[in-house]
Amino acid sequence: MADSIYELWREAVNDHRPVALATVIEGENLGAKLIVGDGIDSQGTLGDADLDRVVVRDTIGELAGGRSGIRHYGPHGEAREDAVSVFIESFAPPPHMLIFGAVDFTGALVKIAKVMGYRVTVCDAREVFATKRRFPNADEVVVDWPHRHLEKVGDRLGQRDAVCVLTHDHKFDVPAIQAALATDVGYLGAMGSRRTCAERLERLAQAGADMEQVTARLHAPIGLDLGGRTPEETAIAICAEVIAARTGRVSSSLSDTTGSIH
Amino acid sequence: MKEIMNDIDRWRRSGHKVALARVVDIEGSGPRLPGASMAVSDTGEVAGSVSGGCVEGAVVSEALDILSTGERRLVTFGYSDDEAFAVGLTCGGTIHLFIEPLDW
Numbered sequence: 001m002a003d004s005i006y007e008l009w010r011e012a013v014n015d016h017r018p019v020a021l022a023t024v025i026e027g028e029n030l031g032a033k034l035i036v037g038d039g040i041d042s043q044g045t046l047g048d049a050d051l052d053r054v055v056v057r058d059t060i061g062e063l064a065g066g067r068s069g070i071r072h073y074g075p076h077g078e079a080r081e082d083a084v085s086v087f088i089e090s091f092a093p094p095p096h097m098l099i100f101g102a103v104d105f106t107g108a109l110v111k112i113a114k115v116m117g118y119r120v121t122v123c124d125a126r127e128v129f130a131t132k133r134r135f136p137n138a139d140e141v142v143v144d145w146p147h148r149h150l151e152k153v154g155d156r157l158g159q160r161d162a163v164c165v166l167t168h169d170h171k172f173d174v175p176a177i178q179a180a181l182a183t184d185v186g187y188l189g190a191m192g193s194r195r196t197c198a199e200r201l202e203r204l205a206q207a208g209a210d211m212e213q214v215t216a217r218l219h220a221p222i223g224l225d226l227g228g229r230t231p232e233e234t235a236i237a238i239c240a241e242v243i244a245a246r247t248g249r250v251s252s253s254l255s256d257t258t259g260s261i262h
Numbered sequence: 001m002k003e004i005m006n007d008i009d010r011w012r013r014s015g016h017k018v019a020l021a022r023v024v025d026i027e028g029s030g031p032r033l034p035g036a037s038m039a040v041s042d043t044g045e046v047a048g049s050v051s052g053g054c055v056e057g058a059v060v061s062e063a064l065d066i067l068s069t070g071e072r073r074l075v076t077f078g079y080s081d082d083e084a085f086a087v088g089l090t091c092g093g094t095i096h097l098f099i100e101p102l103d104w
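Residue numbers (full-length UniProt numbering), protein chains in the order written: chain A, 1 to 262; chain B, 1 to 104.
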């Protein structure tokens, strides 16, 4: 049977496509399964349409975060009940966030990105600043020119990954942005005042960057307009923009909008 | 999971039944995270692991029983278990496994 849930799962795992499997491990329909993933509309059923709807939603969320674990529901997907226990197993390498520039904002961005489930690399050419001691939460601290580091790892970046350029220095950020545009990275943002960003655009044009790509992909100044000032608030504005870029939403308060939340 | 799929395919191609044991939860210290998995063929062949080697023997017996009855179940190993001294985890943790026939 070509399309059994196991086959769908196996193919996705073999192709390194993110996929998640939800299995009833306690309650009615023991062993019933749902599969959700990139390129797979949800398939299978846990035996109840309402339960399926809630579990599909949660499974998508768990997969996006690369998490596996047990969730409890009522018979029709009710929250805060435990008639049914569902094990959600995600097969997704954690998304990768590359932060260029070991500056004041970097530590806060590392922290927030870790909370969101990213594997985080901090890269800066200046070895006095790029130290594991300054960024203990980072998975990796690399001393190198950002564009040179991207030449090494760029082909592993995909839609779930993010590149945040915080260097504030055209000498580093122009080649870094050019190198990032050559990858499939899903989110690319660069920090700087309006003036810095305008100047950077000129320099990118002078350096021969594909300005159509720059306009389409570069988020600069980086982050949503939340009005925050501290490094932590800025980090949240950046991560919020990463989410909005991934989901394709124009961000506004849910209280000001109508329509489906998920 | 990826690392045991080749063995699973090989067993299934030659007509064997396969049981899959997956770690679904751990309490306290545990060597493998939820999602760690182990497959057992109906001839008792094993691929993968669900602990540091502490409970694999017991998992094989459970898996073979499940293959003969077809009855999937949640199994707990560790100090909260009555048989902790028989099949405990040296790390002192508790692991919950879901073991089922690979019939899906």
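There could be a bad hint or two in this list.
When the alpha-carbon atoms are kept at most 30 Å apart in a straight line, the in silico BS3-like pairs for lysine-lysine are as follows [claimed, not checked]:
1) A:K152 / A:K171
2) B:K17 / A:K152
3) A:K114 / B:K17
4) A:K132 / A:K114
5) B:K17 / B:K2
6) A:K152 / A:K132
Simulated from the structure, these hints should not be mistaken for laboratory data. Remember, predicted model here, so these are calculated numbers, not experimental data.
A quick look at each hint next to the structure:
1. Of the supplied pair hints, the one linking A:K152 and A:K171 holds, its CA atoms being roughly 19 Å apart against a limit of 30 Å.
2. Of the pairs offered as hints, the one joining B:K17 and A:K152 is violated, with about 44 Å between alpha carbons and a cut-off of 30 Å exceeded.
3. At most 30 Å may separate the alpha-carbon atoms for a hinted pair to count; A:K114 and B:K17 exceed this at roughly 41 Å.
4. Proximity of A:K132 to A:K114 is assessed by CA-CA distance (about 15 Å); at most 30 Å being required, the pair is judged to hold.
5. Restraint check for B:K17 and B:K2: the C-alpha separation of about 19 Å stays at or below 30 Å, so the hint holds.
6. About 20 Å separates the Cα atoms of A:K152 and A:K132, which keeps this hinted pair within 30 Å; it holds.
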